[in-house]
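J.: With chain L fixed as given, assemble chains U, Z and V with the ligands onto it according to the hints.
Chains as they are written, first to last, in this note's numbering: chain L, 1 to 332; chain U, 1001 to 1332; chain Z, 2001 to 2342; chain V, 3001 to 3342.
I should point out that these hints are in silico values taken from the structure, not numbers from a laboratory. Wrong hints could be hidden among the right ones.
Said to hold, decoys possible - Here are the computed lysine-lysine pairs in the DSS-like style, where the Cα-Cα straight-line distance is at most 30 angstroms: (1) K2052/Z - K1268/U; (2) K39/L - K3052/V; (3) K39/L - K268/L; (4) K3052/V - K268/L; (5) K1039/U - K1268/U; (6) K2314/Z - K1039/U; (7) K2052/Z - K1039/U; (8) K3314/V - K39/L.
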Amino acid sequence: MNTDPLAEIGDEYCRRLLQDMIRIRVFEERCAELYGQQKIRGFLHLYIGEEAIATGVMNLLEPHDAVLATYREHGHALLRGVSASSIMAEMFGRATGCSGGRGGSMHLFDETTRFFGGNAIVGGHLPLAVGLGLADQMLGRRGQVTVCFFGEGAVAEGEFHEALNLAALWHVPVLFVCENNRYAMGTSLRSSESQLDLALKAASYAIPAWSVDGMDVVEVTRATQRALASVRAGGGPMFVEFQTYRFRAHSMFDPDLYRSRDEVEEWKQRDPIATFSARLVAADVVGEDEIESMWEFARDETEEAVEVADAAPLEPIDTLEDHVLASEEVGS
Amino acid sequence: MNTDPLAEIGDEYCRRLLQDMIRIRVFEERCAELYGQQKIRGFLHLYIGEEAIATGVMNLLEPHDAVLATYREHGHALLRGVSASSIMAEMFGRATGCSGGRGGSMHLFDETTRFFGGNAIVGGHLPLAVGLGLADQMLGRRGQVTVCFFGEGAVAEGEFHEALNLAALWHVPVLFVCENNRYAMGTSLRSSESQLDLALKAASYAIPAWSVDGMDVVEVTRATQRALASVRAGGGPMFVEFQTYRFRAHSMFDPDLYRSRDEVEEWKQRDPIATFSARLVAADVVGEDEIESMWEFARDETEEAVEVADAAPLEPIDTLEDHVLASEEVGS
Amino acid sequence: MNEETDATTGVVEMTYREAMRTALADALASDERVFIMGEDVADYGGTYAVTKGLYEEFGRDRVRNTPLSESGFVGAGIGAALGGMRPIVEIMTVNFSLLALDQLVNTAATLLHMSGGQFNVPLVVRMTTGAGRQLAAQHSHSLEGWYAHVPGLNVVAPATPHDARWMLPAALADPNPVIIFEHSGLYNESGPVDLGAGPANLDRADVRRRGDDVTIVASAGMVAKALRAAEDLAAGANPIAAEVVDLRSLRPLDIDTLAESVQRTHRAVVVDEGWRTGGLNAELAASITERCFWTLDAPVARVAGREVPIPYAKHLEDAAIPQVDDITEAAARLVAETGGPT
Amino acid sequence: MNEETDATTGVVEMTYREAMRTALADALASDERVFIMGEDVADYGGTYAVTKGLYEEFGRDRVRNTPLSESGFVGAGIGAALGGMRPIVEIMTVNFSLLALDQLVNTAATLLHMSGGQFNVPLVVRMTTGAGRQLAAQHSHSLEGWYAHVPGLNVVAPATPHDARWMLPAALADPNPVIIFEHSGLYNESGPVDLGAGPANLDRADVRRRGDDVTIVASAGMVAKALRAAEDLAAGANPIAAEVVDLRSLRPLDIDTLAESVQRTHRAVVVDEGWRTGGLNAELAASITERCFWTLDAPVARVAGREVPIPYAKHLEDAAIPQVDDITEAAARLVAETGGPT
Ligand SMILES: Cc1ncc(C[n+]2csc(CCOP(=O)(O)OP(=O)(O)O)c2C)c(N)n1
Ligand SMILES: Cc1ncc(C[n+]2csc(CCOP(=O)(O)OP(=O)(O)O)c2C)c(N)n1
Ligand SMILES: [Mg+2]
Ligand SMILES: [Mg+2]
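Chain L on its own, in the form it takes in the complex (with noise of 0.2 angstroms):
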């Protein structure tokens, strides 16, 4: 269709599709500082370059839905509505992180706001996302949709095939969201699949897919509403891929070696918030100004959330072995 799709989408929601991925940027450039000052620790995996897919999928969800992420997740956490605190005090391993301080920057999760995780094993969710569809088909929670990102790299794991077979056999509402950034830590996609068109794998297993942008939050946002109507309106599961780049390296652990420099700038040259920005700005939807504050809300937000987990408690040492059988019900 040819009518403008910033109209169409209207500016406030621009504004804010901006503002969130100003939040997931300054919030993980702030990591990587504490990382170097070792208050965080263990893996760190950065979301920096690929923020437009977070954005535009998370912003569409409803409270109910239920969502499933990797280890590359603060950025999915912090828009599922996960204070920006809970998530930096966990990442500095405090009683009052969002896993207690238990799980790490690997393992976010939120309860309240049905967010599984933070999933450490590659692919290891997907079955779990086709469950939590399939409660929601057998309870008869209409509407409901469980949405699961995962890397390009877990395409290759069994149990992408058998997770996706299952989900398109039971007709199960599911969302599995593709965030396909070219490399698995250092393995091109060329390297780990005979053959490169995702979508035409999921088809293999009748689940409607298609390959969207994901450096440009626009084409995030209207891939992801058609995707979302139609399983809300009981199509059964759906595949998109999102063609995005990781601008740091896999970890902090990760030399960066197996990439050419240029193809890094490359990428950068379509930075996701910067052409959003100028594209917002072009069509008078924002002001360089009202862009500027935008980043310091974001700045203002991810000190606060310094502070509160410095400031936080650990977990007593007694604690140890609390939550490896609970009592009784909870969560879920």
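T.: Using the frame of chain L, we list chains U, Z and V with the ligands on its own:
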């Protein structure tokens, strides 16, 4: 092409195909009896109805090729050149069995013919086939092929997905032969796959694939000739799906309640042996008497196997812990 | 015999298979969140005919066939549990559970802890275990001990029809993952079931036979063999009174009950169908020794599977797994070497 | 210290990582049937930089990146071994090996036996193991004990750079599957390596420190902690002479060496980073007790991981796995309770 397929194959070869199908049929009919007499124990999976596939494929293999099959492999082993008596002895649990009595019906092995089982974890042998092909490729053994038989039920397993992707990615000389008999125990393809076109799945790994009538030994032969020619020439992995049906229950434990008698009867009308016999008679390739002597030959082969197996010794119990660790290279 | 079965009212004789099927039917009838999924649980009736007739009664959704995708449908079971259902996932046998082990160890067992107590996983997984049917090396594992090693899981092994009937409802009532191991050799065995007993405990061992000379500890398929060994020992030239303890729960282990018994008998034999090295038998020997070192007359004797993949041939398979005589001999030797019966 | 390192000629100091890389480079250079495959072993240089530089030297075919398909490429390794190659398969960590466990347990370990001795599997699998780096519950397992339970596999855990250098060639020379566990905490540790030593044995434990008061048994990442504990014990108010035994081989277990030591010390402490219940520590305690029951002054003490998924927060993770002080205290208590040092 409109040339007469029988002529193309040649009378002599046609006779051989018929004789081989009959050998498998007679051997297995006898196995069923022997199971009733408790001479064969454990699980026993019969291939009756599917003989055209193993017969068509195995007759086209060279001595240096490698073969992997499932637990439904008596026919494959027999046509690979494993003696009927050593197969029968194996099922009797005797020391002279082709696996020394340690494998049984599901685990027939033979080093001299590169017959790598007899594998009873559904889908588990597909990755092995990739590795065997990789060894041929890396050791420069041009023209050598690894043929891997598996049932359509295996297609749902993650290992199918991982193995096909690796095979295509590495361009290994492997022929994947899917014996689609429509049921995995009691589960029909419809309830196990969201997408029923299995060849389309192979295509999603960029592996050339097609579906063939597995009840017609001539069709099996022609399709396999094409596939093998390509694989031997360095064309990379191939996938052929043969449509077939098992006339007997899944195993001797199966009450066979999940399919209608009519369905079974319909398929029996397409018995690969009966139809091919009639066709050869009609084409004057063989006479009724000659066919009768083929059955005679098969009965003799089977009866001799039973006698030999019956007279064979058991492994001494003190050898129990042999073959847990090899002291030096054996086999392969 | 466990005490419930002493009650006379409502005690009926049924097979282990019938008991399990009764438990499943009852669970499906009494809680609509409960459903069964697994390979061939529907039309086929289950590989061991345990779910026979259930899909006709409860329909294909609640008695749900799965494709051959062990990791996929076990993971889906975890997800369904998180979503508010009460899935009973049937993995055909422990042998194939290796394909789903990642889901059980890395997700089912860790979610509650990783989430700081936010997400529990009320999942029940049933699977058969054990050898003895000439199914050879890929179909004869006894790997319960591995599951019993994992914090976050509960692991039980009903050895009687009564436990087969009453452990399931307890497992469904438990907010945590519970793995139920059913020894395939037990399905045709019958025994008394108290229909009115109600859910059984999932954490205590049970003394199946009393005796003061030696304690024999067994579980699942080995309990019946231990009881027969105890009979032989009692009938021997100079009779030995063996106490037989059925573990019932493999995680947690009820060491108190074992220790109480060994304090009396001063001698212990642990029986394990699985491979000896690193098997559950080792944990039992180690914990009994820790608790009873000063009262033990001799080191705990271990009767376990031989260190070999299970062979097909009957005589070899029999030699590879513990038989009644192996238990009898081990117990007799232990008693003889330590001054004979009291 | 193991005796080879006493030799002066050709003994150099290098890190565990360098030692392993040297072993890999040497293997690739000396046998063209050898190749490495695993996730990111090529350009990336291996997650722990162990294979760094190897693909530049030996090319992409012999230092082969695989997709994320643990079961697939481990199975392909088995097939390649059957086909005449000598694959070294790197599974990034033991945590992900659960996805490939079926291939290792049901195929690699059973093929020789199931085939009546016709097909051996000369496969080497390397993987890292252990906790201690704040990687949380899904990335911190210590499951070596599970592999050590399986007949048909050899399992080793080099604890020193010297063993890291020389166990690999021995594993490649072995006609059977050999699993090599590398504790991720060891890569940066350096120590002496005798460049001329040649392949190390894969079946014997090694006494790393002599002492007559108590025997401390450890493996992989726990050996260094045990040695530090021994130093503390020797430096204590009333000094205790602890003997430290490095298991080296987890399957087979060298019980003779352990027994010989415990016969002298009359006391044993087994250290295990993995969960206590059903861990390798249980097998060690059980076998030592079987062999030394009459000479033991007290039950074998077990120092093992707490029964909890490993938490992220440092103070909680530290509390979850054995630390030097836990070993020191356990040994000191054991000695004190049994009459003090001799
Ligand atoms: C089963 C499994 N294998 C290996 C790993 C190690 N690992 C962590 S992230 C990663 C790369 C995943 O790439 P992708 O799925 O594309 O996600 P991305 O990191 O690019 O967002 C790997 C190999 C793992 N966590 N789980
Ligand atoms: C991983 C695994 N899961 C389950 C089984 C039990 N099982 C044995 S054969 C079979 C059906 C396989 O069907 P298919 O692949 O179509 O082969 P067919 O028996 O029809 O020849 C099943 C479920 C198994 N052996 N392995
Ligand atoms: Mg990626
Ligand atoms: Mg089939």
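J.: Next, verify each hint and record whether it holds.
T.: These are the hints, each one checked on the structure:
| no. | hint | result |
| --- | --- | --- |
| 1 | K2052/Z - K1268/U | holds (28 angstroms) |
| 2 | K39/L - K3052/V | holds (29 angstroms) |
| 3 | K39/L - K268/L | holds (28 angstroms) |
| 4 | K3052/V - K268/L | holds (28 angstroms) |
| 5 | K1039/U - K1268/U | holds (28 angstroms) |
| 6 | K2314/Z - K1039/U | holds (11 angstroms) |
| 7 | K2052/Z - K1039/U | holds (29 angstroms) |
| 8 | K3314/V - K39/L | holds (11 angstroms) |
The structure is consistent with each of the numbered hints, conforming to all of them.
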